[in-house]
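Peer 1: All chains should be modelled from the sequences, with the hints used to inform the complete structure.
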Amino acid sequence: MFKDEKCIGGKASGSFFRNEVEIKLAKGPVLIDFEGVDLITQSFSDEFLGPILAHNGQEILRQIKFKNCSDGVQAAILSTAHRFLSDAQSISH
Amino acid sequence: MNLILNYSDGTDHDSLLRRIDFTNLSGPLSVDMGIVPFFTPATLTILFGIFRLHHHLYPKEERKCLPSSFKTPDTDVNRYVQRVNFFESCPDFKSQREESFRRYDESGRFVPITVINSLEKTDEIAQKIVKVIFSQGRLPGEAEVKYALTELMDNALQHSQSSIGCVAQTQLYPNNFIEGIILDCGIGIRKHLSGNRAVASELATDEKAIEKALQPFVSGTHNQPKSEEKAKYGGYHNAGLGLSVCSKLMSLSGGFLQVISGDASVKVTPASIQKMRVAGWPGTLIVFRINNQKLARIPDIIREFDLLKAKGDTLGKAPQGLEFV
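Protein sequences, first through last, are from chains D and C.
Numbering-wise (our numbering), the first sequence opens with residue 1 and increments by one.
Numbering-wise (our numbering), the second sequence opens with residue 94 and increments by one.
Accuracy of the hints is not assured; some may be wrong.
Label pairs and their calculated CB-CB ranges [stated by the list, open to error]:
id	chain 1	residue 1	chain 2	residue 2	range
1	C	402	D	57	42 to 50 Å
2	C	397	D	23	49 to 57 Å
3	C	413	D	19	20 to 28 Å
4	D	63	C	211	25 to 33 Å
Simulated from the structure, these hints should not be mistaken for lab results.
Ideal Cβ positions, reconstructed from N, Cα and C, are used throughout, including at glycine.
Peer 2: What follows is the structure, given as structure tokens:
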């Protein structure tokens with residue numbers, strides 16, 4: 001999905017990517033493959049995943065799977081999930 | 094403003110910023126590099142930013158004064174200035190200079206001074222910059238440097254309201270470090286943070302504002318009511334982590350991150366936080382240095398900051414449903 005880039009960044013890139021994901025989510029579950037990516041910036045992660053969680057709540061996570069995530073990608077996604085879900089509601093673990 | 098650079102006064106960016114108040118740009122802008130044998134990329138980028146701001150404030154057709162001038166000695170300094178596209182990218186000098194040298198591929202050497210005007214371009218431009226620096230493919234740190242460049246450029250464009258966009262320059266040095274500068278000529282950190290009610294009462298000086306901005310989550314939009322957040326940031330969300338992560342990343346590698354805004358400079362180094370008064374910068378300027386042989390792990394930095402916000406039973410746990418396959 002992300003070719004030849006070790007780091008994906010940018011608020012605008014995150015916003016663009018969120019639009020792509022939301023279009024696919026409307027049709028069914030989505031698998032996001034981060035193969036080859038070492039890092040995503042926190043801005044990218046917040047802009048891409050944050051509004052999806054804020055608008056749909058924790059339930060939407062059952063519709064999204066993250067594949068081939070490096071430690072750097074996982075840390076950013078977890079940080080986004082905790083902050084946006086705790087803003088919206090209490091989180092179940 | 095008439096600015097003559099003398100080698101004895103020092104030509105690094107700290108010396109320049111201590112001596113010259115760049116917030117007062119009335120009249121023609123004239124820079125004479127004299128016989129300066131060397132100056133840093135940060136210094137050149139500062140001069141570039143000032144010429145762009147001056148051009149914006151006083152368009153040629155409205156000037157009742159002599160055009161701006163920039164004198165360089167006919168030495169390697171002049172060739173370096175041309176190689177990084179100083180004249181090409183600077184509206185006052187575009188097409189005024191002829192190049193008297195042969196251009197070689199810039200890969201692995203230096204990056205031209207780059208102007209970024211749109212958030213849509215930060216990822217693409219940061220990628221281009223790291224491809225030049227890491228063209229030989231053997232150096233570590235490509236992802237970390239791109240991370241820092243993208244976060245800092247995003248911050249500048251999202252928060253500064255800079256009339257000239259932001260300007261970036263990055264240089265690879267032979268002894269394993271990379272130095273970069275990102276500047277804007279916008280409202281500055283103090284004014285930006287003053288819109289955040291959670292910290293507005295703690296911003297008595299530019300120095301205190303910079304110190305606040307370096308703390309994680311301070312500039313996050315989570316502190317703002319939703320309507321204010323949308324009006325201010327145009328829909329973009331902000332964790333308030335970018336500057337803090339970059340600062341920690343640089344200092345843990347043995348480098349530094351320096352933030353200059355208004356009349357203050359705060360430099361985070363491995364051993365200390367150094368504070369300095371500067372004469373005046375009209376916006377925000379970030380200079381960083383990273384040692385790519387001693388990189389810190391960004392996920393560890395993010396987890397450390399997340400612990401500051403985490404509630405006891407959430408530490409280290411993924412929310413239910415979040416699955417990495």
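Peer 1: Determine for every hint whether it applies to the structure shown.
Peer 2: Going through the hints against the structure:
1. About 19 Å separates the C-beta atoms of residue 402 of chain C and residue 57 of chain D, a value inconsistent with the hinted range of 42 to 50 Å.
2. For residue 397 of chain C and residue 23 of chain D, the hinted distance range of 49 to 57 Å is not satisfied, since their beta carbons lie about 36 Å from each other.
3. At roughly 26 Å, the beta carbons of residue 413 of chain C and residue 19 of chain D sit within the given window of 20 to 28 Å.
4. Checking the proposed 25 to 33 Å range against residue 63 of chain D and residue 211 of chain C shows it holds: the Cβ atoms sit about 32 Å from each other.
When the structure is compared with the earlier hints, violations turn up for hints 1, 2 and for no others.
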